Amino acid sequence: MIISNRPCVLDPMKIKGPALTIVNENCNACQSCMNLGCPALTWGTDTFEGRHKVKIDASLCIGCTLCAQVCTVDCIKPTSPLTSTPVTQ
Amino acid sequence: MQASPEAVGASQQEATDVRPLTGNEAIARGAWEAGVRVAAAYPGTPSTEIMESLAHYPAEDLHAQWSTNEKVALDVAIGASFAGSRALASMKHVGLNVAADAFMSQAYIGVNGGLVIAICDDPGIHSSQNEQDTRIFGQFATVPVLEPSDAQEALDLTKLAFDLSEQFDTMVIVRGTTRLSHTRSPVAIGPRREHPSRGFNESPAKNVMIPAHARRRHTAVLERESKLKEYFETSPINRWETGDASFGVITAGTCYPYVREVLPNASVLKLGASWPLPEGLLRRYCESVERVFVVEELEPVIEKELRALGIKAEGKQFFPREGEFSPEILRAGFEKAGVLEPRPKRESWAIEPLVRPPVLCAGCPHTSSFMAVRASGARVAGDIGCYTLACLDPLRGLDTTVSMGSSIGNATGMALAGEPKPVMATIGDSTFLHAGIPSLINAVYNQANITVLLLDNHITAMTGGQEHPGTGKTLRGDPAPKVDYEALVRAIGVTWVRTVDSYDLAAMYQILRACR
Amino acid sequence: MNAPTISSKKQEGAQLQPTAAAAKAREPMNVLIVGVGGQGVIMVSKALASLAQSKGFEVKQSEVHGMAKRGGSVFSHVRFGPQVWSPTIPKGEADILVALEWAEGLRWLSYLKPDTGIFICDTKRIVPPFACLNRRPGAPLRYSRETPAEVKAHVAEGYAIDATDMAEKLGNERAANVVLIGALSTALAFSADDWEKSLAEFVPKKTIAVNLEAFRLGRSWIEEARTLTPEAEAPAARTPVPAEMNYSVRLEITPDWCKSCDICVKLCPERCLRLNEERVVELAQPEKCTGCRLCELLCPDFAIRVHLDIVNVQGIAAAAAGSRA
Numbered sequence: 078m079i080i081s082n083r084p085c086v087l088d089p090m091k092i093k094g095p096a097l098t099i100v101n102e103n104c105n106a107c108q109s110c111m112n113l114g115c116p117a118l119t120w121g122t123d124t125f126e127g128r129h130k131v132k133i134d135a136s137l138c139i140g141c142t143l144c145a146q147v148c149t150v151d152c153i154k155p156t157s158p159l160t161s162t163p164v165t166q
Numbered sequence: 002m003q004a005s006p007e008a009v010g011a012s013q014q015e016a017t018d019v020r021p022l023t024g025n026e027a028i029a030r031g032a033w034e035a036g037v038r039v040a041a042a043y044p045g046t047p048s049t050e051i052m053e054s055l056a057h058y059p060a061e062d063l064h065a066q067w068s069t070n071e072k073v074a075l076d077v078a079i080g081a082s083f084a085g086s087r088a089l090a091s092m093k094h095v096g097l098n099v100a101a102d103a104f105m106s107q108a109y110i111g112v113n114g115g116l117v118i119a120i121c122d123d124p125g126i127h128s129s130q131n132e133q134d135t136r137i138f139g140q141f142a143t144v145p146v147l148e149p150s151d152a153q154e155a156l157d158l159t160k161l162a163f164d165l166s167e168q169f170d171t172m173v174i175v176r177g178t179t180r181l182s183h184t185r186s187p188v189a190i191g192p193r194r195e196h197p198s199r200g201f202n203e204s205p206a207k208n209v210m211i212p213a214h215a216r217r218r219h220t221a222v223l224e225r226e227s228k229l230k231e232y233f234e235t236s237p238i239n240r241w242e243t244g245d246a247s248f249g250v251i252t253a254g255t256c257y258p259y260v261r262e263v264l265p266n267a268s269v270l271k272l273g274a275s276w277p278l279p280e281g282l283l284r285r286y287c288e289s290v291e292r293v294f295v296v297e298e299l300e301p302v303i304e305k306e307l308r309a310l311g312i313k314a315e316g317k318q319f320f321p322r323e324g325e326f327s328p329e330i331l332r333a334g335f336e337k338a339g340v341l342e343p344r345p346k347r348e349s350w351a352i353e354p355l356v357r358p359p360v361l362c363a364g365c366p367h368t369s370s371f372m373a374v375r376a377s378g379a380r381v382a383g384d385i386g387c388y389t390l391a392c393l394d395p396l397r398g399l400d401t402t403v404s405m406g407s408s409i410g411n412a413t414g415m416a417l418a419g420e421p422k423p424v425m426a427t428i429g430d431s432t433f434l435h436a437g438i439p440s441l442i443n444a445v446y447n448q449a450n451i452t453v454l455l456l457d458n459h460i461t462a463m464t465g466g467q468e469h470p471g472t473g474k475t476l477r478g479d480p481a482p483k484v485d486y487e488a489l490v491r492a493i494g495v496t497w498v499r500t501v502d503s504y505d506l507a508a509m510y511q512i513l514r515a516c517r
Numbered sequence: 548m549n550a551p552t553i554s555s556k557k558q559e560g561a562q563l564q565p566t567a568a569a570a571k572a573r574e575p576m577n578v579l580i581v582g583v584g585g586q587g588v589i590m591v592s593k594a595l596a597s598l599a600q601s602k603g604f605e606v607k608q609s610e611v612h613g614m615a616k617r618g619g620s621v622f623s624h625v626r627f628g629p630q631v632w633s634p635t636i637p638k639g640e641a642d643i644l645v646a647l648e649w650a651e652g653l654r655w656l657s658y659l660k661p662d663t664g665i666f667i668c669d670t671k672r673i674v675p676p677f678a679c680l681n682r683r684p685g686a687p688l689r690y691s692r693e694t695p696a697e698v699k700a701h702v703a704e705g706y707a708i709d710a711t712d713m714a715e716k717l718g719n720e721r722a723a724n725v726v727l728i729g730a731l732s733t734a735l736a737f738s739a740d741d742w743e744k745s746l747a748e749f750v751p752k753k754t755i756a757v758n759l760e761a762f763r764l765g766r767s768w769i770e771e772a773r774t775l776t777p778e779a780e781a782p783a784a785r786t787p788v789p790a791e792m793n794y795s796v797r798l799e800i801t802p803d804w805c806k807s808c809d810i811c812v813k814l815c816p817e818r819c820l821r822l823n824e825e826r827v828v829e830l831a832q833p834e835k836c837t838g839c840r841l842c843e844l845l846c847p848d849f850a851i852r853v854h855l856d857i858v859n860v861q862g863i864a865a866a867a868a869g870s871r872a
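Sequence order for the protein chains is A, B and C. Take the numbering used here: the final residue in the first sequence is number 166, and no numbers are missing along the way. Take the numbering used here: the final residue in the second sequence is number 517, and no numbers are missing along the way. Take the numbering used here: the final residue in the third sequence is number 872, and no numbers are missing along the way.
Hints were generated in silico from the structure; no laboratory data involved. Honestly, I wouldn't trust all of these hints.
Said to hold, decoys possible - Between beta-carbon pairs, the in silico distance windows are:
{"no.": "1", "chain 1": "A", "residue 1": "P155", "chain 2": "B", "residue 2": "P480", "range": "32 to 42 Å"}
{"no.": "2", "chain 1": "C", "residue 1": "T754", "chain 2": "B", "residue 2": "A60", "range": "52 to 62 Å"}
{"no.": "3", "chain 1": "A", "residue 1": "S157", "chain 2": "B", "residue 2": "G465", "range": "27 to 37 Å"}
{"no.": "4", "chain 1": "C", "residue 1": "L680", "chain 2": "B", "residue 2": "D164", "range": "50 to 60 Å"}
{"no.": "5", "chain 1": "B", "residue 1": "G324", "chain 2": "C", "residue 2": "K752", "range": "40 to 50 Å"}
{"no.": "6", "chain 1": "B", "residue 1": "P358", "chain 2": "C", "residue 2": "A831", "range": "50 to 60 Å"}
{"no.": "7", "chain 1": "B", "residue 1": "D394", "chain 2": "C", "residue 2": "T774", "range": "19 to 29 Å"}
{"no.": "8", "chain 1": "C", "residue 1": "K752", "chain 2": "B", "residue 2": "P358", "range": "30 to 40 Å"}
{"no.": "9", "chain 1": "A", "residue 1": "V150", "chain 2": "C", "residue 2": "S795", "range": "20 to 30 Å"}
{"no.": "10", "chain 1": "B", "residue 1": "A418", "chain 2": "C", "residue 2": "V827", "range": "28 to 38 Å"}
{"no.": "11", "chain 1": "C", "residue 1": "P661", "chain 2": "B", "residue 2": "E61", "range": "22 to 32 Å"}
{"no.": "12", "chain 1": "C", "residue 1": "P661", "chain 2": "B", "residue 2": "I126", "range": "25 to 35 Å"}
As the list claims (entries may be wrong) - Which residues of chain A face chain C? A partial, calculated answer using Cβ under 7 Å:
{"no.": "13", "residue": "Q108"}
{"no.": "14", "residue": "S109"}
{"no.": "15", "residue": "N112"}
{"no.": "16", "residue": "G114"}
{"no.": "17", "residue": "W120"}
{"no.": "18", "residue": "G127"}
Unchecked claim - Cut-off 25 Å, straight-line C-alpha distance, at most; resulting in silico cross-link-like pairs (DSS-like, lysine-lysine):
{"no.": "19", "chain 1": "B", "residue 1": "K346", "chain 2": "B", "residue 2": "K230"}
{"no.": "20", "chain 1": "C", "residue 1": "K806", "chain 2": "C", "residue 2": "K753"}
{"no.": "21", "chain 1": "B", "residue 1": "K422", "chain 2": "C", "residue 2": "K806"}
{"no.": "22", "chain 1": "B", "residue 1": "K337", "chain 2": "B", "residue 2": "K317"}
{"no.": "23", "chain 1": "C", "residue 1": "K638", "chain 2": "C", "residue 2": "K660"}
{"no.": "24", "chain 1": "B", "residue 1": "K346", "chain 2": "C", "residue 2": "K660"}
{"no.": "25", "chain 1": "C", "residue 1": "K716", "chain 2": "C", "residue 2": "K660"}
{"no.": "26", "chain 1": "B", "residue 1": "K346", "chain 2": "B", "residue 2": "K305"}
{"no.": "27", "chain 1": "B", "residue 1": "K317", "chain 2": "C", "residue 2": "K638"}
{"no.": "28", "chain 1": "B", "residue 1": "K337", "chain 2": "C", "residue 2": "K638"}
{"no.": "29", "chain 1": "C", "residue 1": "K744", "chain 2": "B", "residue 2": "K422"}
{"no.": "30", "chain 1": "B", "residue 1": "K207", "chain 2": "B", "residue 2": "K228"}
{"no.": "31", "chain 1": "A", "residue 1": "K132", "chain 2": "C", "residue 2": "K752"}
{"no.": "32", "chain 1": "C", "residue 1": "K716", "chain 2": "C", "residue 2": "K744"}
{"no.": "33", "chain 1": "B", "residue 1": "K305", "chain 2": "B", "residue 2": "K317"}
{"no.": "34", "chain 1": "C", "residue 1": "K752", "chain 2": "C", "residue 2": "K813"}
{"no.": "35", "chain 1": "B", "residue 1": "K346", "chain 2": "C", "residue 2": "K744"}
{"no.": "36", "chain 1": "C", "residue 1": "K660", "chain 2": "B", "residue 2": "K337"}
{"no.": "37", "chain 1": "C", "residue 1": "K753", "chain 2": "B", "residue 2": "K422"}
{"no.": "38", "chain 1": "B", "residue 1": "K346", "chain 2": "C", "residue 2": "K806"}
Quick caveat: nothing in here was measured; it's all calculated off a predicted structure. Note that the Cβ used here is the ideal one computed from N, Cα and C, for glycine as well.
Full structure from sequences and hints, please.
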C-alpha cells in the first residue's frame with residue numbers, strides 16, 4: 078500500500094512555487110516533459126532536428142518542478158530561487 | 002389550458018421574490034421551504050450543487066452533510082424520516098446504484114417524515130460513466146418520480162414531493178438532468194414552512210423488514226401505487242395544453258421546453274410525474290388527437306406504458322434512445338415523422354473542430370503518480386476521479402475503470418486470475434472512503450498480491466473540491482476528525498505502508514519498483 | 548459590414564427590445580459564450596443574464612460544469628426575451644457568438660445565424676497538450692489553421708480582437724473576458740451604464756477599476772473597427788500545412804551494455820521498444836519510432852544510439868516557420 082500525499086492544485090491552501098522556464102538554447106526537443114501532458118507546456122517556435130522545442134506558459138505554471146525532474150538535459154529552471162514547499166498536513 | 006409564462010409561475014401562492022436560480026439551487030430552495038431537517042449527499046456531477054446550496058441555509062434550520070457515499074447518505078435521510086422529520090438525499094444517477102439496496106427496501110417501509118431523493122441524470126454523459134435512466138428505478142421500486150422541466154418547477158415539485166411523500170407514505174424521487182441542474186432561470190421563491198417532527202412511529206410491522214412483514218408491506222406498496230395513479234389523474238402537475246388536434250405530444254421534464262421551442266402551437270400533454278402514469282388521462286388525451294408522439298430522453302418509459310395500454314404511440318423511431326436532446330434533434334425527428342416541413346439545408350463551412358479533451362491541471366499531483374505508475378510496468382486497475390483522465394495520451398497509465406471503488410476489487414480479481422504483470426490499483430482519497438475500504442479488507446483477507454496506490458490529494462477534486470472525512474472539515478467548513486489512512490490500513494492488516502510526496506518523482510519511481 | 552443587429556444608440560425604457568428580434572418580437576435573443584475552462588466564460592454569461600433579467604426579460608442561462616474545470620471547452624447559452632423555451636440555443640440560431648479563445652470560436656461557428664449572426668472572438672490561442680503530441684520531425688501543430696480574414700468572410704459580421712493582449716496591457720490578463728463584454732455590449736440594446744453596473748457586481752472588488760477600463764476599451768475597439776471598410780483589411784493567406792518530412796531512424800543497440808533495466812521501454816513516448824528473450828532492448832515497432840532520442844538520453848549505460856536521417860533538411864526551416872503561425 079502506497080499513499081501519495083500531495084494536495085490538489087484546486088485546494089484552497091494552494092501551494093504555488095515560482096514558475097519555471099526553459100533555457101531555449103539547451104533544449105534538445107526530446108519532449109520528455111511533454112510526456113506529463115501538463116497544460117502549461119506547449120511547443121515553442123524553435124526546432125531541433127525537426128522537432129519542436131518546448132515552452133512553458135508562465136501564467137499556467139504553478140512551479141511543481143515535475144517537468145524539470147524529467148528533463149533529459151536539465152534545461153528547465155525556476156524563474157526565481159526555489160524555496161521548499163512541504164506537504165501541508 | 003394554453004401554456005403561458007404566467008401559468009408557469011402561477012403555481013406560486015406566496016411568491017415574495019424572483020431570483021435567478023439553477024435547477025440544483027431551486028431543488029435546494031424547495032427542500033428548505035418545505036421544512037427539510039436533515040439532508041445528506043455524496044458529491045457527483047451534476048447533482049453536487051444541491052447540497053452545497055443547502056449548506057448556505059442556516060444551520061438551525063437543517064443539518065446538511067457530505068456522507069461517505071450515496072448509500073450512507075440515503076440511510077441517514079431514511080433515519081431522519083424514521084425519527085419523524087423531513088429529509089432529503091441527493092445524488093447523481095449512478096449514485097442510486099450504490100444506494101439501491103436501501104432504496105428498494107425503503108420502498109416497502111415507506112416514510113414517517115417526508116423523504117425525498119433528488120437524483121440528477123446525465124443524458125449525453127457530460128461527466129459520468131453511463132447514462133442510465135432513473136425513471137426505470139422508480140418503476141422498479143414502485144416509487145413516484147417527479148420531473149421538473151425548469152428551475153421554477155424544480156422548486157415547486159420538490160415542495161410537492163415532500164407533501165406527497167407524507168400523504169402517500171412513500172419516498173418520492175425528484176429527477177433532474179444535467180440541463181436542468183445547470184440552467185439558471187427566474188424562480189419565484191417563498192418562505193420556509195416548518196414541519197415539527199412527527200416523532201418516532203413505533204411499528205415493527207412497518208419498520209422492520211423481516212419476510213413476514215415484507216410480504217404484507219408489498220401488498221401495501223401495490224395499493225399505494227393505484228392510489229398514486231388515481232391522484233395523478235387529476236393532479237395539476239400533469240398539464241394538458243390544447244392545440245392543433247392533428248397530432249399530440251406527450252412529454253415530461255427537460256424535454257418539454259424543447260418541444261415547445263420546436264412546436265409552439267401543438268397539443269401537448271406535459272407530465273409532471275413520469276411514474277406512475279394516469280391511465281385515464283393518457284387514454285383521454287390520446288383519443289383527442291390523431292397521432293401521438295412521445296418525446297422522452299433516454300429510455301422509452303412512457304412510450305412502453307402507452308403501448309401496454311394498447312395505445313398506438315410513436316417515439317423512439319424518431320427520437321434517439323441515447324444522448325441529450327436539443328431543439329435540432331427534436332426538429333429532425335418531427336421532420337422525419339412528417340409533421341414539420343423540412344427546413345432548407347444550409348451549406349455549412351466545414352471546420353474540423355479542435356480536439357480539446359479535459360486534462361489534468363498544471364501541477365496536478367496525479368501527473369507524477371501516473372508517470373511513476375507507467376514506469377512501473379504494472380497492470381493498473383483505475384477508479385473514478387480526475388485521475389481517470391490518465392488513461393489518455395500521453396500518460397496512458399491505467400487500464401480499467403468501472404465504478405466507484407472498483408479498482409481494488411478488480412485488481413484482486415486480476416491478480417487471482419494470474420495476470421502475468423504485477424497488478425496495481427489506483428484510487429483517490431474520496432473514492433477510497435466511498436467504497437474502497439471494504440474491497441481493501443477483502444484483498445487483505447484473501448491475500449491478493451496487489452499494490453494499492455492511494456492518491457491522496459486531500460479533497461474530492463473531480464466534482465470541484467468538496468470536503469470529506471479525510472480533509473478534517475465538514476460540508477459547512479466546521480472542524481471534524483480526520484481519517485488517518487496509514488493507521489486505518491494497518492488496522493485492516495496491511496503491513497507494508499509507505500507515504501510519499503508525489504512531487505518527488507524519484508521517490509515515487511523507487512517506491513513503486515520496491516513493491517513490485 | 549452593415550449591421551442591422553447593432554444598435555449604437557442607447558435605448559432607455561421599460562421594454563427594451565433586442566433590435567434583431569424587432570420583427571419577430573417574441574423570438575428570444577440568443578447569445579452563445581464559449582471558451583476554455585478558467586477563462587471566465589461563466590462570468591460573462593452571468594453578467595449578461597443578470598442585466599437582461601433586470602430589464603424584465605425572461606432569461607435562461609445554460610452551461611456545462613464538471614469536466615470543464617480541467618482545461619476542457621466551456622460553453623454557456625444565454626437566451627432572453629419575452630418568453631424563452633429551450634435552455635439551449637438551436638444550431639444556426641445564435642444572434643451573437645462570443646468566443647474567449649480562437650479555436651473555440653471556430654468550433655461553435657455553425658451555431659451562428661447565417662445571415663445576421665455576429666461573431667466576436669479573441670485571437671488568443673490556448674493550445675491544448677493534445678495538439679503537441681506528435682514527435683515526428685516537422686510534425687504540424689494540431690491547431691485550427693483558419694485565419695481571421697477567412698472567418699470574417701464566412702460570417703455576416705465578424706470581429707477578431709486581441710482582447711487578451713489588450714487586457715495584458717491594462718495590467719490584468721484576466722480582464723480579457725471583460726474586453727469582450729465591452730465588444731458584446733455594442734451589439735445589444737442595453738446602455739453602457741447598465742453594463743458597468745452589472746459588471747461591478749460580478750468582478751472581484753479589487754479589480755473593478757481595471758475591468759471597467761477593459762470594458763470601455765472593448766467598446767471603443769468595436770466602434771473603431773466598424774468604421775473600417777472591409778476592403779481596408781488585406782485577406783491574409785492561410786499558412787500551409789507543412790509537409791511531413793521524410794526521415795529514417797536506426798537504433799544502434801550495444802547488447803553487452805544493456806542491463807535490462809527497461810527504463811527506455813517504459814518511458815518511450817511511442818511505446819515502440821521491448822526487451823527480447825535475452826532481456827536486451829530492441830525496436831519492436833520501427834514504423835512508430837520518431838527518432839526523438841529519449842531512449843538514448845535516458846539509458847544509464849549508453850547502450851542505445853539513435854541515428855536520425857532527415858532527407859529534406861531544407862524543409863525543416865520551412866516547416867518550423869509554418870507551424871509557428
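Now the hints, each set against the structure:
no. : hint                        : result
1   : A:P155 - B:P480: 32 to 42 Å : 35 Å, holds
2   : C:T754 - B:A60: 52 to 62 Å  : 32 Å, violated
3   : A:S157 - B:G465: 27 to 37 Å : 31 Å, holds
4   : C:L680 - B:D164: 50 to 60 Å : 56 Å, holds
5   : B:G324 - C:K752: 40 to 50 Å : 42 Å, holds
6   : B:P358 - C:A831: 50 to 60 Å : 28 Å, violated
7   : B:D394 - C:T774: 19 to 29 Å : 47 Å, violated
8   : C:K752 - B:P358: 30 to 40 Å : 35 Å, holds
9   : A:V150 - C:S795: 20 to 30 Å : 24 Å, holds
10  : B:A418 - C:V827: 28 to 38 Å : 30 Å, holds
11  : C:P661 - B:E61: 22 to 32 Å  : 56 Å, violated
12  : C:P661 - B:I126: 25 to 35 Å : 30 Å, holds
13  : Q108                        : 6 Å, holds
14  : S109                        : 6 Å, holds
15  : N112                        : 6 Å, holds
16  : G114                        : 5 Å, holds
17  : W120                        : 5 Å, holds
18  : G127                        : 3 Å, holds
19  : B:K346 - B:K230             : 45 Å, violated
20  : C:K806 - C:K753             : 60 Å, violated
21  : B:K422 - C:K806             : 20 Å, holds
22  : B:K337 - B:K317             : 12 Å, holds
23  : C:K638 - C:K660             : 8 Å, holds
24  : B:K346 - C:K660             : 13 Å, holds
25  : C:K716 - C:K660             : 33 Å, violated
26  : B:K346 - B:K305             : 34 Å, violated
27  : B:K317 - C:K638             : 22 Å, holds
28  : B:K337 - C:K638             : 18 Å, holds
29  : C:K744 - B:K422             : 62 Å, violated
30  : B:K207 - B:K228             : 19 Å, holds
31  : A:K132 - C:K752             : 34 Å, violated
32  : C:K716 - C:K744             : 24 Å, holds
33  : B:K305 - B:K317             : 10 Å, holds
34  : C:K752 - C:K813             : 50 Å, violated
35  : B:K346 - C:K744             : 42 Å, violated
36  : C:K660 - B:K337             : 23 Å, holds
37  : C:K753 - B:K422             : 55 Å, violated
38  : B:K346 - C:K806             : 65 Å, violated
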